[in-house]
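Residue numbers (the numbering used here), protein chains in the order written: chain A, 1 to 301; chain B, 1 to 301.
It should be emphasised that the hints constitute simulated quantities derived from the structure, not laboratory data.
Mixed in with the good hints, there may be bad ones.
[Said to hold, decoys possible] DSS-like mimics (lysine-lysine), calculated; alpha carbons at most 30 Å apart, straight line:
no., chain 1, residue 1, chain 2, residue 2
1, B, 272, A, 261
2, A, 265, B, 258
3, B, 265, A, 180
4, A, 261, B, 258
5, A, 258, B, 261
[Stated by the list, open to error] A partial selection of chain A residues facing chain B, derived with a Cβ cut-off under 7 Å:
no., residue
6, 4
7, 8
8, 170
9, 171
10, 173
11, 177
12, 237
13, 240
14, 252
15, 263
Glycine is no exception: its CB is placed at the ideal position from the N, C-alpha and C atoms.
2 protein chains.
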Amino acid sequence: MKCKICGEKAIIHLRQHNLALCRKHFIEWFEKHTEKTIKKFDMFRRGEPIAIGISGGKDSTAVALALKRLGYDVRGIFIDLGIPVYSEYSRNLVTNFSSKFGIPIEIYNLKEHYGESLPELAARRRDKICSMCGTIKRYILNKWALEIGAAALVTGHNLDDEAATLLSNTLRWDASYLAKQNPVLPPTHPKFVKKVKPFAFFTEREIAVYAIVMGIEFSKMSCPFSKGAKSLRYKHVLNELEVQSPGTKLRFYREFLKFQKDYLKVQIEEPKLRKCKICGMPTTLEVCSFCRIFGLDRKED
Amino acid sequence: MKCKICGEKAIIHLRQHNLALCRKHFIEWFEKHTEKTIKKFDMFRRGEPIAIGISGGKDSTAVALALKRLGYDVRGIFIDLGIPVYSEYSRNLVTNFSSKFGIPIEIYNLKEHYGESLPELAARRRDKICSMCGTIKRYILNKWALEIGAAALVTGHNLDDEAATLLSNTLRWDASYLAKQNPVLPPTHPKFVKKVKPFAFFTEREIAVYAIVMGIEFSKMSCPFSKGAKSLRYKHVLNELEVQSPGTKLRFYREFLKFQKDYLKVQIEEPKLRKCKICGMPTTLEVCSFCRIFGLDRKED
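Using the sequences plus the hints, can you model the full thing?
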């Protein structure tokens with residue numbers, strides 16, 4: 001197949017766009033569309049610090065690189081959760097990525113800051129490890145983004161993630177979840193940083209190809225604690241439909257965003273937030289779930 | 001497995017309801033839920049003539065029998081489209097069904113009434129045969145239901161059909177289709193008969209089991225003209241999700257109906273209808289599509 005723009009050998013065929021592109025023109029296409037999404041959803045502007053949590057996987061590294069190449073002020077953080085083998089392996093990839101592409105990435109060690117690693121917490125507490133991990137990462141990312149004065153906290157969510165979440169919410173017709181799902185999640189409190197997803201319209205495959213052609217060495221290891229998540233089922237069935245009818249995922253998500261605007265302008269009642277009596281961050285409870293995980297309320301007493 | 005009600009040997013396990021039932025109690029459960037759906041959606045009442053198009057398949061025969069056993073005044077019609085082998089095979093099953101269960105079924109021969117069978121029309125015209133067949137059946141069923149003064153035209157649509165249609169509409173977020181999909185389709189003109197789907201909450205499997213235990217000999221042949229329809233893909237992926245999480249289809253459809261009530265109370269603009277200048281039935285055009293298929297406008301000139 002030949003590149004539709006220059007006639008050179010194509011490296012990718014984007015079936016849903018009916019577009020074959022060479023390396024150079026794919027990179028151009030990919031970055032142009034990243035910029036388009038940022039502008040369309042008014043995610044952030046040049047000159048503002050942009051926070052990105054970098055796990056070492058293809059999505060977070062690729063989004064950091066694409067934003068840097070587009071001239072944005074990218075600041076990364078890697079949260080070392082202390083998961084044997086996995087965390088060390090990812091951390092090495094991330095530090096290499098940081099120096100190779102000149103992207104500043106802070107290494108944040110959970111145990112150093114809070115005295116316990118994720119597996120240690122999991123051994124001590126009854127909560128599900130994946131839910132604890134989510135709480136911890138959300139908390140640290142937000143707090144750090146706030147500290148560096150970031151205009152937005154970027155996540156690497158891709159079209160496969162968004163479509164799977166959307167399918168899951170749609171199968172239950174959960175109006176409040178449906179009303180919220182968006183490439184931009186505005187903060188509901190001054191101490192929450194706006195979350196944005198510049199890759200929400202790219203498939204996993206497109207991002208993987210971008211990461212590869214840009215020479216990113218990304219992690220292919222999945223977290224040893226993650227089990228066959230339900231979202232994988234939704235990704236699987238959406239991929240089946242995509243193969244039979246290219247463009248299904250993109251249409252599903254794009255048309256949803258229009259539908260949401262027209263029919264789901266519901267005033268969602270946000271839970272009333274107060275100040276965590278330990279850390280001062282916003283929470284619905286007296287002590288926020290992060291402080292509870294680390295038992296900071298009990299240490300206080 | 002034992003029947004949850006009487007302890008006898010169960011013949012079916014309804015995973016999504018976590019319910020195993022023997023023959024007797026399954027029939028009871030099935031008919032009770034049919035009645036519940038009829039009442040809940042105010043579909044029709046005892047004493048009113050109820051029209052059903054009977055193809056010979058499991059859904060239409062089963063719904064006719066269930067309604068008769070529930071004491072409704074069921075009137076059937078079989079449309080003989082003149083499809084070689086298939087139409088004859090189906091017609092024989094339908095006449096046997098009619099006499100076995102004492103359900104009056106009119107045999108309506110397309111060629112006798114309009115001079116051409118479906119395959120003859122297909123040979124003469126460029127339209128797609130499945131779309132012509134749909135137009136013809138809708139027209140004849142409605143006209144006949146109107147003539148017999150039916151309170152409703154019953155179709156055998158099941159949960160698999162409804163969920164597949166819903167998934168298809170949802171993947172495109174087609175608000176006007178989503179706003180209309182319902183177990184009851186109210187008539188938009190006095191010459192249109194209300195359409196109702198008393199089996200909308202039963203899976204194909206439940207209906208097949210009912211048909212079998214009731215001794216219905218139904219057609220297992222599919223129309224030789226029907227090709228792998230897109231709806232089969234949707235049924236397939238929904239079945240995959242159902243296996244992994246029983247109740248997915250039922251929840252998807254039920255929760256949708258609630259969502260529709262809350263968020264899709266859109267005033268759909270119905271197309272302006274006028275009188276077909278040939279047959280007098282409502283249509284958006286000068287001559288309705290049924291009359292055009294048979295060239296009745298040209299014969300008139």
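- Should the interface hint for residue 177/A be scored as holding, given a Cβ-Cβ cut-off of 7 Å against chain B? violated, 12 Å
- Message: Next pair to validate is residue 258/A with residue 261/B; report whether the Cα-Cα distance is within 30 Å.
- Response: It holds: about 19 Å lies between the C-alpha atoms, which stays within 30 Å.
- Proposed proximity, residue 258/B with residue 261/A (alpha carbon, max 30 Å): With a Cα-Cα distance of about 19 Å, the restraint between residue 261/A and residue 258/B holds, given a limit of 30 Å.
- Message: A closest beta-carbon separation below 7 Å is what the hint needs, so does residue 240/A meet it against chain B?
- Response: Because about 6 Å separates residue 240/A from the closest Cβ in chain B, which is inside the 7 Å limit, the hint holds.
- Mind checking the CB of residue 252/A against every CB in chain B and telling me if the closest is under 7 Å? Check passed: Cβ of residue 252/A comes within 5 Å of chain B, closer than 7 Å.
- Task: Grab the minimum C-beta distance from residue 4/A to chain B and call the hint holds if it beats 7 Å, violated otherwise.
- Result: violated, 27 Å
- Task: Against chain B, run the beta carbon of residue 170/A and see if the smallest gap drops under 7 Å.
- Result: Cβ of residue 170/A sits 6 Å from chain B, so the hint holds.
- Straight-line Cα separation of residue 265/A and residue 258/B no greater than 30 Å? Answer holds: residue 265/A to residue 258/B is near 17 Å, not above 30 Å.
- Message: Restraint: residue 263/A near chain B, CB-CB cut 7 Å. Satisfied or not?
- Response: holds, 5 Å
- residue 171/A as an interface hint toward chain B, with CB separation required under 7 Å: Holds - the Cβ of residue 171/A comes within 7 Å of chain B, reaching about 5 Å at its closest.
- Message: Holds or violated: residue 265/B and residue 180/A, Cα atoms, limit 30 Å.
- Response: This hinted pair holds, its Cα atoms lying about 20 Å apart.
- Item | Satisfaction of the residue 8/A interface hint, Cβ to chain B closer than 7 Å | violated, 35 Å
In summary, the numbered hints that this structure violates are 6, 7 and 11.
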